[in-house]
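Protein chains: 2
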Amino acid sequence: MQIPAPLVPPKRLLMGPGPSEVAPSVLRAMSAPTLGHLDPDFLRVMDEIADMLRVVFGTENRLTMPMSGTGSAGMETLFVNLLQPGARALVGVNGVFGTRMAEVARRCGAEVVTVEAEWGQVFSPEDFAAAAQGQRFDVMALVHAETSTGAAQPLDGMRAVADACGALLLADCVTSLGGMPVELDRYGVDAAYSGTQKCLSCPPGLAPVSFSARAEEIMAQRAAPAQSWYLDLGLIAKYWGGERAYHHTAPINQLYGLHEALRLALEEGLEARYARHQQQGAALAAGLEALGLSLWVEPEHRLAQLTSVRLPEGFDDARGRRFLLEEFGIEVGGGLGPMAGKVWRIGLMGHGCTRPNVELCLRGIEAALAEQGVTASHPAS
Amino acid sequence: MQIPAPLVPPKRLLMGPGPSEVAPSVLRAMSAPTLGHLDPDFLRVMDEIADMLRVVFGTENRLTMPMSGTGSAGMETLFVNLLQPGARALVGVNGVFGTRMAEVARRCGAEVVTVEAEWGQVFSPEDFAAAAQGQRFDVMALVHAETSTGAAQPLDGMRAVADACGALLLADCVTSLGGMPVELDRYGVDAAYSGTQKCLSCPPGLAPVSFSARAEEIMAQRAAPAQSWYLDLGLIAKYWGGERAYHHTAPINQLYGLHEALRLALEEGLEARYARHQQQGAALAAGLEALGLSLWVEPEHRLAQLTSVRLPEGFDDARGRRFLLEEFGIEVGGGLGPMAGKVWRIGLMGHGCTRPNVELCLRGIEAALAEQGVTASHPAS
Chain Y
1 MQIPAPLVPP KRLLMGPGPS EVAPSVLRAM SAPTLGHLDP DFLRVMDEIA DMLRVVFGTE
61 NRLTMPMSGT GSAGMETLFV NLLQPGARAL VGVNGVFGTR MAEVARRCGA EVVTVEAEWG
121 QVFSPEDFAA AAQGQRFDVM ALVHAETSTG AAQPLDGMRA VADACGALLL ADCVTSLGGM
181 PVELDRYGVD AAYSGTQKCL SCPPGLAPVS FSARAEEIMA QRAAPAQSWY LDLGLIAKYW
241 GGERAYHHTA PINQLYGLHE ALRLALEEGL EARYARHQQQ GAALAAGLEA LGLSLWVEPE
301 HRLAQLTSVR LPEGFDDARG RRFLLEEFGI EVGGGLGPMA GKVWRIGLMG HGCTRPNVEL
361 CLRGIEAALA EQGVTASHPA S
Chain P
1001 MQIPAPLVPP KRLLMGPGPS EVAPSVLRAM SAPTLGHLDP DFLRVMDEIA DMLRVVFGTE
1061 NRLTMPMSGT GSAGMETLFV NLLQPGARAL VGVNGVFGTR MAEVARRCGA EVVTVEAEWG
1121 QVFSPEDFAA AAQGQRFDVM ALVHAETSTG AAQPLDGMRA VADACGALLL ADCVTSLGGM
1181 PVELDRYGVD AAYSGTQKCL SCPPGLAPVS FSARAEEIMA QRAAPAQSWY LDLGLIAKYW
1241 GGERAYHHTA PINQLYGLHE ALRLALEEGL EARYARHQQQ GAALAAGLEA LGLSLWVEPE
1301 HRLAQLTSVR LPEGFDDARG RRFLLEEFGI EVGGGLGPMA GKVWRIGLMG HGCTRPNVEL
1361 CLRGIEAALA EQGVTASHPA S
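Protein chains in written order, with our numbering: chain Y, 1 to 381; chain P, 1001 to 1381.
Simulated from the structure, these hints should not be mistaken for laboratory data. In this text the structure is predicted, and so the values were computed from the model without any measurement. Wrong hints could be hidden among the right ones.
[Stated by the list, open to error] Here chain P is said to cover these stretches of chain Y; the calculated rule only asks that three of the stretch's residues, wherever they fall, bring their Cβ under 8 Å from a Cβ of chain P:
#1 4-13
#2 48-62
#3 157-170
#4 195-208
#5 244-253
Note that CB positions come from ideal geometry on N, CA and C, so glycine has one too.
When you get a sec, could you build the whole thing from the sequences and use the hints?
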């Protein structure tokens, strides 16, 4: 075969649902010399990562660390460790990731009861309570920030519903972590997972997870080991914990990147970081509406870091995204499932959440509309 | 909390069982700007990676790509996709990774029959045939290059045994890929996995895998989906294949690194690369014996890229490795399982497999022996 040329990836402005823009110092950190996974200097890096993750997760949870896979591996980690065949899971489904949680739970041999809502809507505690019908569940799971729709799920009151059905409370925090308050301990979340390529602004490849003491107790009582050896927390905790027992070879350079990304988040300050996301998210929403476009999610449940905007009548989705990519170097995301062809998903995540990016993106969308001769007329809301 | 300082990892010379030394251009590639996982430019990177992997795997297999996890995720990929509850697996166990394969197969609900050998020994086809006792198996699995012992398992004749028991032939190629001929098609291997942090000299985080058409047929006939959603090849093949359907967000920058690492291997030429490993491996073995040390594995089954050397009587393992790390900046590996405290494992993998590294390592070991006042006297073999 002909040997390919060295890579020279073009510079895009990543404004889709992830991966997001990566800070130069994170990319530099990833290219530092590789250390061995048992090197004393690397073990210190691991401890610092775990400490910083506890801060962004808003938790004191001992069992807090990144799994060696992308966000979906984090999702699977929760279910393979917390469920056993015959367990019962109550899962909120209002987008791709709730759907995926239900599927993963079923593959663990669990009986799954779903709570359904329209994509873009969120759940009240009463929705979960009604679906539970007074029955017992092992886990109750919901998506804190639905990457497929742009909806922010409030966590208030969910702990009480989980308690009433005897369940651990699980949350998908893939798109929330680092971009809005997560606060696992405040809301009584027992297990959560995230990804690095959203509001932490690190390349994809790691899945931060965190488990409460109660979740650890449940895992300690398992009759049989987790069906996944690779994601078995009983084994992995021995490497990330005190014993440093070899399990698998940690993705060293990815972890360097996460270390730097977390450092940047803490140096900015979490409150300032969340406020920045709120401010730019609001500016984007206002700008899109000023272009005559309407947003998929109602104002009170919009994620600042991910906006789903409706495509106007007659607008060609694929052609529009190609135009934006080729003419402006901007990547946005298309819709998934029932939203395919109907929306664009625009991310303002972490390092990329800036006023110039908002302005450029709005200008690009305006040009994409003009290129197709489409005029949008959003009724004043 | 106090925010940690930016990372400045010390430069080690990685001469353990992996991760191995990484070429500067691979580290640079990993710090290129992140692309979206559906960006047309990134899709071309994926195709080039798959094409180059086919060359190093020695296969025409369509289903060839890196999984988004470390080598152990590659192992799990084979078993969760090829086994179903009640399936039967015949597994060769002569080190950590055969042991791990048996465990992973059991967690897939398979009935596992092991073929056992002393750690450091290899199997003959007759060993497998005798263990099979004329029974049927779904898979027959062995380790091509045992990272825990340094033994090279010949593949000749294994296909016929697998055929006789109706099994797919599976091979762990973690430490062989890129350092010695793998040649899946020549030996009739149906499914293989590897890691990037050994003889491909890329940081850890990806697991190249390859599946024959026969293995694909077996997967297509599954009654139930794989127990792992994250590693479900039926879904992942749609992303790496023609449809480009979103499954999970690929670890973009890790894949940049693998692209460059594969490019370097092909630019060197595989024959030249394997010869380099043979030459330096032989030089290391001769040098260790000249120091009066003896090797764990018999000459005819030694891996050139990984050498297990016996520690002499009275030598303190941990103190010796600390000395080597602190005084020479060299990392070597300790023994695992029954070999713990008895050997060091010295890697000459990929980019780090050079004459200067061999010489420096020998000088370091000589100094480590002297520092403890230990004299080794290897009986002339």
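Going through the hints against the structure:
1. Here's how the segment 4-13 of chain Y fares: 8 of its residues keep a CB closer than 8 Å to some CB of chain P, so the rule of at least three is met and the hint holds.
2. With 4 residues carrying a beta carbon less than 8 Å from a beta carbon of chain P, the segment 48-62 of chain Y meets the three-residue requirement, and the given coverage holds.
3. Here's how the segment 157-170 of chain Y fares: 0 of its residues keep a CB closer than 8 Å to some CB of chain P, so the rule of at least three is not met and the hint is violated.
4. Evaluation of the coverage hint for the segment 195-208 of chain Y: fulfilled, as 5 residues show C-beta separations to chain P shorter than 8 Å, against a requirement of three.
5. Remark: the segment 244-253 of chain Y is confirmed as covered by chain P, as 8 of its residues place a Cβ nearer than 8 Å to a Cβ of that chain, reaching the required three.
In summary, the one numbered hint that this structure violates is 3.
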